[in-house]
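Engineer: Here are the chains, one letter per residue:
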Amino acid sequence: DQQVKQNSPSLSVQEGRISILNCDYTNSMFDYFLWYKKYPAEGPTFLISISSIKDKNEDGRFTVFLNKSAKHLSLHIVPSQPGDSAVYFCAASAGVNYGQNFVFGPGTRLSVLP
Amino acid sequence: DSGVTQTPKHLITATGQRVTLRCSPRSGDLSVYWYQQSLDQGLQFLIQYYNGEERAKGNILERFSAQQFPDLHSELNLSSLELGDSALYFCASSVGVLATNEKLFFGSGTQLSVL
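These protein sequence lines map, in sequence, to chains A and B. At position 34 of the first sequence the residue is numbered 34 (my numbering), and the sequence of numbers has no breaks. At position 24 of the second sequence the residue is numbered 24 (my numbering), and the sequence of numbers has no breaks.
In short, the hints are calculated from the structure, not lab data. All of these numbers come straight from a predicted model, not from anything done at the bench. Beta carbons are placed, not taken as given, at the ideal position from N, Cα and C, and that holds for glycine. Fair warning: there could be bad hints in the mix.
As the list claims (entries may be wrong) - Residues from chain A that keep clear of chain B, each with C-beta distances beyond 10 angstroms, as calculated:
1. 4
2. 8
3. 18
4. 29
5. 55
6. 66
7. 69
8. 76
9. 106
10. 113
Said to hold, decoys possible - Pairs of lysine-lysine, DSS-like flavour, derived with a Cα cap of 27 angstroms:
11. A/71 - B/103
12. A/68 - B/103
13. B/103 - B/9
14. A/71 - B/57
15. A/5 - A/54
16. A/54 - A/71
17. A/5 - B/103
18. A/54 - B/9
Kindly generate the complete structure, drawing on both the sequences and the hints.
Structural biologist: Okay, structure coming up:
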């Protein structure tokens with residue numbers, strides 16, 4: 001039972017264009033969402049987060065959009081750079097009210113082509 | 001550098017053996033989490049400790065156990081190892097028990113290969 005889904009295992013984008021990574025979730029108790037980036041041979045690093053009280057959060061080139069009614073969030077990277085090539089994990093949490101742990105999606109491998 | 005230290009980085013062992021993975025959380029963090037990442041799989045939550053006590057349990061096998069010590073470092077013990085236990089094991093830490101706006105900080109992982 002996969003509560004957090006990332007249906008695109010991989011994505012290729014040209015440098016300078018927009019990258020859009022998608023994530024869907026099934027548990028309506030989730031109220032906090034994060035994106036992590038992972039390079040080979042390294043641990044995941046935090047990228048950006050959004051609380052369910054918001055529908056958008058922006059940090060530099062990275063913007064996360066949350067559509068609660070559709071149980072969908074997306075990460076936009078504009079403009080994409082070759083250094084953005086990594087695996088991106090979507091994660092969700094219901095905080096102290098449920099499970100007290102983050103549930104991660106399977107990841108999307110982004111390749112930004114020069 | 002996330003501040004979370006995992007040792008060893010690589011571990012090669014045989015089926016049936018037992019290994020111990022070690023994790024030191026970021027300074028000030030009270031929660032430690034263990035995750036498993038198998039080939040082409042996402043991060044599967046195994047177990048969480050908060051200030052020495054087990055707080056949440058995920059898909060952790062009975063052959064696996066963990067503990068968090070008074071100095072807050074944690075160890076994950078894997079016994080009767082099988083080929084399918086080969087994976088990347090990550091430790092992560094957070095300040096508390098995941099109130100809203102907290103985040104996890106990950107170590108660089110231990111790559112376990114069971115031959």
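Engineer: For residue 18 of chain A, is the shortest CB-to-CB distance to chain B above 10 angstroms, so the non-interface label stands?
Structural biologist: Correct as stated: the minimum Cβ-Cβ distance to chain B is 24 angstroms, above 10 angstroms.
Engineer: Against chain B, does residue 69 of chain A hold up as non-interface, every C-beta pair farther apart than 10 angstroms?
Structural biologist: holds (20 angstroms)
Engineer: Does the claim that residue 66 of chain A lies off the interface hold, with its Cβ farther than 10 angstroms from every Cβ of chain B?
Structural biologist: holds (14 angstroms)
Engineer: Within 27 angstroms, alpha carbon to alpha carbon, are residue 5 of chain A and residue 103 of chain B?
Structural biologist: Roughly 20 angstroms separates the two Cα atoms, so the pair holds.
Engineer: Take the C-alpha atoms of residue 5 of chain A and residue 54 of chain A, compute the straight-line distance between them, and say whether it is at most 27 angstroms.
Structural biologist: Given pair residue 5 of chain A, residue 54 of chain A holds - Cα atoms ~21 angstroms apart, limit 27 angstroms.
Engineer: A cut-off of 10 angstroms on Cβ-Cβ distance, and residue 29 of chain A was said to be off the interface with chain B. Does that hold?
Structural biologist: holds (13 angstroms)
Engineer: If I take the minimum Cβ distance from residue 106 of chain A to any residue of chain B, is it greater than 10 angstroms?
Structural biologist: violated (4 angstroms)
Engineer: Given the proposed pairing of residue 68 of chain A with residue 103 of chain B, does the C-alpha separation stay at or below 27 angstroms?
Structural biologist: holds (21 angstroms)
Engineer: Can you confirm whether the C-alpha distance between residue 54 of chain A and residue 71 of chain A stays at or below 27 angstroms?
Structural biologist: The given pair, whose Cα atoms are some 13 angstroms apart, holds under the 27 angstroms limit.
Engineer: For the pair supplied as a hint, residue 103 of chain B and residue 9 of chain B, confirm whether the alpha-carbon distance does not exceed 27 angstroms.
Structural biologist: Between residue 103 of chain B and residue 9 of chain B the Cα gap is close to 23 angstroms, so the pair holds against 27 angstroms.
Engineer: Minimum C-beta separation from residue 113 of chain A to chain B exceeding 10 angstroms: can you confirm that?
Structural biologist: holds (22 angstroms)
Engineer: Is the Cβ of residue 76 of chain A more than 10 angstroms away from each Cβ in chain B?
Structural biologist: holds (20 angstroms)
Against the hints set out earlier in the document, violations occur for numbers 1, 9 and 18.
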